Amino acid sequence: MIYFVVGLAGVIGSLLRYYLGLSIHSWWITSFPLATLMINYLGSFILGWFNERITQSYSVPEWLRLGFGTGLIGSFTTFSTFSVETMTLMNQGLWEMAFVYVLLSMVGGLLFAYFGFRVAYFQLRKSKEGMETA
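Take the sequence shown: its position 122, counted from the start at 1, is 122 in the working numbering, and no numbers get skipped.
Since the hints were made in silico from the structure, they are not lab data.
Possibly wrong hints are sitting among the right ones.
Unchecked claim - The following label-pair restraints were derived from C-beta to C-beta distances:
| no. | residue 1 | residue 2 | range |
| --- | --- | --- | --- |
| 1 | Leu104 | Phe4 | 31 to 37 Å |
| 2 | Arg118 | Tyr18 | 26 to 32 Å |
| 3 | Leu8 | Glu96 | 17 to 23 Å |
| 4 | Val107 | Ser80 | 15 to 21 Å |
| 5 | Met106 | Leu22 | 22 to 28 Å |
| 6 | Leu8 | Leu103 | 33 to 39 Å |
| 7 | Tyr18 | Glu132 | 43 to 49 Å |
| 8 | Pro61 | Leu34 | 47 to 53 Å |
| 9 | Leu22 | Arg118 | 39 to 45 Å |
| 10 | Phe79 | Ser23 | 17 to 23 Å |
| 11 | Ser127 | Phe4 | 29 to 35 Å |
| 12 | Gly93 | Met1 | 29 to 35 Å |
| 13 | Lys128 | Gln92 | 49 to 55 Å |
| 14 | Leu124 | Met1 | 25 to 31 Å |
Stated by the list, open to error - Simulated pairs of lysine to any residue, SDA-like, Cα-Cα distance not exceeding 25 Å:
| no. | residue 1 | residue 2 |
| --- | --- | --- |
| 15 | Lys128 | Leu8 |
| 16 | Lys128 | Arg118 |
| 17 | Lys128 | Phe115 |
| 18 | Lys128 | Pro61 |
Please read these numbers as outputs of a predicted model, since none were measured by experiment.
Don't be surprised by glycine CBs; every beta carbon is placed ideally from N, CA and C.
The task is simple: from the sequences and hints, build the whole structure.
Okay, here's the thing in structure tokens:
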């Protein structure tokens, strides 16, 4: 069952990524790969939040945790696209843009994952305080 859920969630995540990528590309006209950067930021935030908030608040079955994290978010974000887009920028002689992209991707991805954890932490703390006052 886990394989089926991870696979199905992977299909959904890749379709979401494709749709969001098309949407961003419809108005973003420069060489900088903003779509991949934004998708990876969003995925980092959501996975950080999910791992802290949901798994701490609820007894999440393994099939659901893996389906969401590995399947949906794993196929929504992508390191391979990031790598190819970086090489493309470098092959086009856009070394500065490639460097900025790598820097923004690494630092931004970590920051967004951290923000996801922090949001979840404050939500958990607030819900615990609410239970203590009730």
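Here is what the structure says about each hint:
{"no.": "1", "hint": "Leu104 with Phe4: 31 to 37 Å", "verdict": "36 Å, holds"}
{"no.": "2", "hint": "Arg118 with Tyr18: 26 to 32 Å", "verdict": "30 Å, holds"}
{"no.": "3", "hint": "Leu8 with Glu96: 17 to 23 Å", "verdict": "41 Å, violated"}
{"no.": "4", "hint": "Val107 with Ser80: 15 to 21 Å", "verdict": "20 Å, holds"}
{"no.": "5", "hint": "Met106 with Leu22: 22 to 28 Å", "verdict": "25 Å, holds"}
{"no.": "6", "hint": "Leu8 with Leu103: 33 to 39 Å", "verdict": "35 Å, holds"}
{"no.": "7", "hint": "Tyr18 with Glu132: 43 to 49 Å", "verdict": "45 Å, holds"}
{"no.": "8", "hint": "Pro61 with Leu34: 47 to 53 Å", "verdict": "36 Å, violated"}
{"no.": "9", "hint": "Leu22 with Arg118: 39 to 45 Å", "verdict": "31 Å, violated"}
{"no.": "10", "hint": "Phe79 with Ser23: 17 to 23 Å", "verdict": "21 Å, holds"}
{"no.": "11", "hint": "Ser127 with Phe4: 29 to 35 Å", "verdict": "32 Å, holds"}
{"no.": "12", "hint": "Gly93 with Met1: 29 to 35 Å", "verdict": "50 Å, violated"}
{"no.": "13", "hint": "Lys128 with Gln92: 49 to 55 Å", "verdict": "52 Å, holds"}
{"no.": "14", "hint": "Leu124 with Met1: 25 to 31 Å", "verdict": "29 Å, holds"}
{"no.": "15", "hint": "Lys128 with Leu8", "verdict": "34 Å, violated"}
{"no.": "16", "hint": "Lys128 with Arg118", "verdict": "15 Å, holds"}
{"no.": "17", "hint": "Lys128 with Phe115", "verdict": "20 Å, holds"}
{"no.": "18", "hint": "Lys128 with Pro61", "verdict": "22 Å, holds"}
The structure fails hints 3, 8, 9, 12 and 15 (numbered hints given earlier, in ascending order).
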